[in-house]
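Assemble the whole structure, with the sequences as input and the hints as a guide.
Going down the list, the protein sequences come from chains A, B and C. Position 5, counted from 1, in the first sequence is what this note's numbering calls 6; the numbers after and before it change by one each time, with no gaps. Position 2, counted from 1, in the second sequence is what this note's numbering calls 10; the numbers after and before it change by one each time, with no gaps. Position 15, counted from 1, in the third sequence is what this note's numbering calls 56; the numbers after and before it change by one each time, with no gaps.
Calculated from the structure, these hints are not laboratory results. Every residue, glycine too, gets a C-beta built ideally from N, C-alpha and C. Errors might be hidden in some of the hints.
[Claimed, not checked] Footprint (simulated), chain C over chain B, 3 or more residues, beta carbon under 8 Å:
hint, segment
1, 14-27
2, 143-151
3, 270-282
Given next are the chains, with one letter for each unit.
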Amino acid sequence: MASLTRRRMLQAGAAAVTAWAAGGCTPEGTPASAPTGPPRNGGTLRVGAIGKAAAIVRDPFGVQPNDSDYLILSLLYDTVTIPAKSPLVAPRLATRWEAGEDLRTWRFTLAENVAFHDGSPCTAEDVAWSVRRLRQSEAGTSRLPGIDVSGIRAEGPRTLVIESRYPNSRIPLLLRLTTFVQKKGTTDPAGAPGTGPFELDWFRDGNARLVRNDNWFGGEVHLDAIEVRMFDRTASMVNAVLTGEIDLASNAGAVAARTAGKRDGVQVVRRPDDTAHYVVMRTSDGPFADPRVREAVKLAVDRKALVDQAISGYGKPANDILGTGDPCYAKDIPQRERNIDRARKLLDEAGFDRSRSYQLLTTEEIPGMAESATLLANQLQEAGVKIDVRKQDQATFLGASRGKAPLYTSFYGTQDSVVFCAGKLLVSESKLNEAAWHDPAFDAAYQQVVSTADDKRGAQLSHDLQQVQHERSGLLVWGAADGIDLASDKVGGLPDLPGYGRVQLERAWLSG
Amino acid sequence: MIPHRTTRVLGQLTRRVVTLVALLAITFFAVEVLPGDAVVSSLSQDASDAEFAARRAALGLDQPVLARFWHWIAGVFSGDLGTTARGQHIADLVLGRLPQTMLLGGTALVVTVLAALALGSLCVLRPGGRADRAIAGTAMVALALPEFAVATALVVVFAIWLRVLPAATGTAATSPVALVLPVIALALPQIGWNTRVVRAAFGEQLGTPHVDAAVLDGLSRRRILTHYLLPGAAPTIAAAAATSVGMVLGGAVTIEAIFNFPGLGSVLIDAVQHRDAPLVAAVVALTGALITVVLIGCDAVRAWAGGGR
Amino acid sequence: MALAVAGPWFAPHDITAPRTAPYASPGPGTPLGGDQIGRDVLSRVLVGGRDLVLASLVVAAAVTGTAAVLGAAAALRPRFGAVLDRVADTVILLPAVLGVLVVGLSVPGSGRLPVVVTAVVLGIPFAARVTAAAAAPIAATGYVETAQAAGESLFSLVWREILPNLRATLLTLLGLRFAAAVGVVATAGFLQIGAQPPAADWALMIGENSDGVLLNPLAVLVPSAAIALLAVGVNLACDIAAARWRPKAVRGR
Chain A
2 MASLTRRRML
12 QAGAAAVTAW
22 AAGGCTPEGT
32 PASAPTGPPR
42 NGGTLRVGAI
52 GKAAAIVRDP
62 FGVQPNDSDY
72 LILSLLYDTV
82 TIPAKSPLVA
92 PRLATRWEAG
102 EDLRTWRFTL
112 AENVAFHDGS
122 PCTAEDVAWS
132 VRRLRQSEAG
142 TSRLPGIDVS
152 GIRAEGPRTL
162 VIESRYPNSR
172 IPLLLRLTTF
182 VQKKGTTDPA
192 GAPGTGPFEL
202 DWFRDGNARL
212 VRNDNWFGGE
222 VHLDAIEVRM
232 FDRTASMVNA
242 VLTGEIDLAS
252 NAGAVAARTA
262 GKRDGVQVVR
272 RPDDTAHYVV
282 MRTSDGPFAD
292 PRVREAVKLA
302 VDRKALVDQA
312 ISGYGKPAND
322 ILGTGDPCYA
332 KDIPQRERNI
342 DRARKLLDEA
352 GFDRSRSYQL
362 LTTEEIPGMA
372 ESATLLANQL
382 QEAGVKIDVR
392 KQDQATFLGA
402 SRGKAPLYTS
412 FYGTQDSVVF
422 CAGKLLVSES
432 KLNEAAWHDP
442 AFDAAYQQVV
452 STADDKRGAQ
462 LSHDLQQVQH
472 ERSGLLVWGA
482 ADGIDLASDK
492 VGGLPDLPGY
502 GRVQLERAWL
512 SG
Chain B
9 MIPHRTTRVL
19 GQLTRRVVTL
29 VALLAITFFA
39 VEVLPGDAVV
49 SSLSQDASDA
59 EFAARRAALG
69 LDQPVLARFW
79 HWIAGVFSGD
89 LGTTARGQHI
99 ADLVLGRLPQ
109 TMLLGGTALV
119 VTVLAALALG
129 SLCVLRPGGR
139 ADRAIAGTAM
149 VALALPEFAV
159 ATALVVVFAI
169 WLRVLPAATG
179 TAATSPVALV
189 LPVIALALPQ
199 IGWNTRVVRA
209 AFGEQLGTPH
219 VDAAVLDGLS
229 RRRILTHYLL
239 PGAAPTIAAA
249 AATSVGMVLG
259 GAVTIEAIFN
269 FPGLGSVLID
279 AVQHRDAPLV
289 AAVVALTGAL
299 ITVVLIGCDA
309 VRAWAGGGR
Chain C
42 MALAVAGPWF
52 APHDITAPRT
62 APYASPGPGT
72 PLGGDQIGRD
82 VLSRVLVGGR
92 DLVLASLVVA
102 AAVTGTAAVL
112 GAAAALRPRF
122 GAVLDRVADT
132 VILLPAVLGV
142 LVVGLSVPGS
152 GRLPVVVTAV
162 VLGIPFAARV
172 TAAAAAPIAA
182 TGYVETAQAA
192 GESLFSLVWR
202 EILPNLRATL
212 LTLLGLRFAA
222 AVGVVATAGF
232 LQIGAQPPAA
242 DWALMIGENS
252 DGVLLNPLAV
262 LVPSAAIALL
272 AVGVNLACDI
282 AAARWRPKAV
292 RGR
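Below, the structure written as structure tokens:
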């Protein structure tokens with residue numbers, strides 16, 4: 002329990018700056034049916050995660066399409082901050098942080114006595130080098146928006162300085178994912194020493210064995226080792242956990258949860274607000290450019306039915322706002338309910354051509370996505386909109402459709418922050434502006450919200466941001482799916498955070 | 009006679025290699041026409057146009073098709089299969105998995121041939137008898153079952169309901185037990201197919217004069233089987249088994265996916281889905297090479313049996 | 042097979058709209074339970090066979106028909122036979138499933154046509170070898186040689202002299218090619234090539250419902266059994282028909 006208390010204290014330290022994010026909103030959580038009693042030391046946890054052989058990326062500064070790779074990296078390498086429930090960021094390598102008056106210069110104070118797996122000390126130089134390297138990588142500009150390479154530097158042995166081009170209260174939030182730290186000057190990043198809770202024993206074809214780092218600065222690690230097994234398909238991974246070949250199936254999906262519900266000895270870990278499911282309607286041109294048409298489509302869908310049928314009820318209907326897990330998510334904005342009559346009226350007003358059919362593109366990227374397309378087509382048909390579902394393979398979908406097609410299904414996996422999602426997917430200049438949406442009011446609200454340090458004002462601005470998004474954006478966000486892990490009932494200390502929080506296995510333990 | 013036979017065997021060998029090269033060419037160009045682009049699926053969605061162009065140039069995708077084919081085929085014969093769209097060495101990725109697929113497919117094939125010979129022999133002991141009809145009927149059902157349907161049913165029954173055999177294989181530390189279900193799923197349709205062939209080939213031999221003579225001489229059934237039926241039927245049986253190699257490797261695509269088996273089949277599915285042309289071509293090339301080796305073995309059996317066309 | 046073709050008319054429910062919970066167990070109105078999004082499995086099984094049957098039938102017929110003509114021609118013209126042999130040697134190196142996988146994905150969104158075409162192209166050489174072997178003794182018979190000497194054209198030789206005597210072989214071949222075609226088309230469907238959701242298709246159903254196989258096993262097992270029954274049934278029918286033809290064929294010699 003000692004480590005837990007320590008973690009709380011560290012969080013309290015950080016809360017001084019990030020507290021407004023909590024801003025009086027209360028977080029939610031679901032208890033998992035894990036073993037009770039104090040954590041037991043020892044044992045090897047066998048974890049299954051999805052990954053494809055041809056997509057293996059071992060470079061922590063690269064883009065890792067495989068869950069399995071990301072999991073391995075997260076256990077080997079520490080990040081500057083980590084995702085948490087409330088506030089949204091917790092300390093890891095950085096124990097506390099503060100911004101200058103202008104919210105542009107951020108100073109992160111690093112933990113003491115951090116050492117790499119080979120015994121050498123980890124200093125601010127190493128951290129700055131790693132973050133710079135991430136910034137220079139192919140996805141660097143979108144991972145660290147508004148930060149130049151020259152704006153990342155070490156100041157003395159224990160301070161990391163990040164300078165933003167514009168005032169940004171969200172810098173610690175940006176650093177909570179993928180800021181893996183290696184030793185300065187590492188030339189071959191695959192398997193190089195890190196500072197994380199586990200060290201690499203071996204890595205073969207996407208599978209790996211990691212052993213406990215007894216000198217981890219972050220507290221006591223209970224497990225002797227973690228074995229990560231890569232699975233091609235969710236179904237095989239679920240079979241493996243049901244037959245006891247693995248102890249934990251990471252991100253297994255709703256159907257797996259229902260399957261496991263009928264089995265003894267398997268616990269279901271539900272992590273609410275893991276993934277937002279939505280439909281993108283292109284706003285700049287095409288049949289959905291008219292806001293009335295978009296409103297009509299949003300009114301024509303039955304969100305409850307989508308959640309029940311596409312993700313087996315493991316999630317909740319959403320209200321066309323991304324960041325459903327944010328403590329500041331605007332629950333007071335009335336839920337948009339199905340209203341076929343109003344939808345038809347709006348379509349008529351807009352002069353929408355109901356004689357032709359419209360392609361809804363989809364792919365099988367995450368469970369429930371392709372299924373939702375079929376259901377959506379049925380539902381829209383009832384409002385007189387003819388939909389032709391066209392399922393594409395992932396390469397074609399990502400290359401030719403996402404961000405370009407007038408109508409397609411999509412998802413976003415990090416739902417812990419309204420502002421984070423807005424910056425990634427909705428503001429005019431975001432690289433992934435999927436609906437090609439340019440709304441001056443929204444952009445202005447975004448700029449204000451990131452450049453304010455005041456809690457109350459921040460909360461109010463966030464609310465405005467959500468109001469505009471709910472009213473006019475090109476995204477029909479119909480549901481927030483739970484993240485679901487299956488585990489043997491012997492596994493304790495599993496994370497219940499949404500999204501990438503699922504990889505925090507350093508507190509896990511095995512009973513007997 | 010000997011020189012004649014040697015030239016014939018050499019001729020067959022050359023022919024096999026030439027057909028393999030023809031297949032490589034067909035594969036490469038078939039994969040070339042795939043729409044979509046490996047670069048797009050390998051970079052993150054928010055990469056810039058300049059990054060795309062750089063990756064494309066790094067992969068040599070801005071070169072003309074013929075130049076790339078030449079480069080590739082030269083590489084294949086020197087053991088350098090190039091790099092995937094993500095920059096992994098294909099040789100590392102694929103050669104590590106080839107033994108796994110060979111293990112799975114090879115075991116399935118051995119099981120197939122042994123089972124087919126045993127069942128075929130049972131049939132021929134009393135043609136038209138109860139055992140013969142039962143086996144022939146079952147063989148027909150078996151050959152009509154798609155591998156993936158068999159595999160799915162096996163997993164449900166043996167792994168999940170009865171919990172006697174593992175459902176997911178997968179790591180390098182695969183135990184022999186983990187191979188049981190995938191091998192059965194892969195072999196069952198082939199056993200059906202080959203049993204039919206063995207039965208027919210034995211039946212045909214039964215009608216030949218020298219076998220009739222042996223029967224009249226009162227030789228033991230076993231002796232007739234091993235000394236008279238088998239040599240005569242061997243070329244047909246070998247040809248059928250060779251055909252099964254292709255079917256087994258094709259079936260391995262779905263079986264590996266269902267059992268999470270780290271072989272070539274699962275790589276192929278990924279590669280096709282991600283438009284990774286060099287990787288698809290490499291897997292098909294390796295599969296073709298594998299079948300070529302078996303066919304050459306099959307040619308040898310025919311030469312040994314004194315048959316040949 | 043009749044059920045597969047006529048099935049669509051008996052489907053009690055719409056095959057695209059959900060009727061029950063995803064992977065629901067059998068209940069009133071849904072005797073085989075629900076599929077991945079709660080659609081009626083019974084209706085989808087009834088509807089999902091027709092396209093598979095038609096596609097497989099087209100493949101089997103095209104392969105057998107073409108192979109019959111090519112094989113007969115090969116028996117009469119040895120040089121052509123040698124060419125056919127080379128082609129078969131090449132094609133045998135590319136397992137049909139691999140070929141379909143590559144070709145089917147190279148023309149996405151075009152339905153079953155690429156799958157059918159690939160299956161036909163990859164099936165013909167091997168089948169033609171079988172027919173050529175069966176036609177060789179017929180081509181060597183006196184009356185065919187006589188007809189050939191009399192200057193009958195290749196086409197008429199194939200059509201009038203050889204093929205009628207190959208009926209039994211061809212029927213057996215048709216049955217086997219049908220089983221093989223079902224295998225290839227279904228495997229492609231399982232890998233989601235050819236048939237596209239939300240279409241009902243037995244193979245597609247096995248693939249898309251396999252995640253929930255423990256919740257509603259019927260959603261997977263019934264289409265599996267249907268595919269097996271179909272292939273076995275047609276095979277059996279062809280075998281019986283072939284047995285009936287055989288005496289005549291022998292007399293013909």
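Cross-check of the supplied hints:
no. : hint    : in the structure
1   : 14-27   : holds (count 3)
2   : 143-151 : holds (count 3)
3   : 270-282 : holds (count 4)
Of the numbered hints listed earlier, not one is contradicted by the structure.
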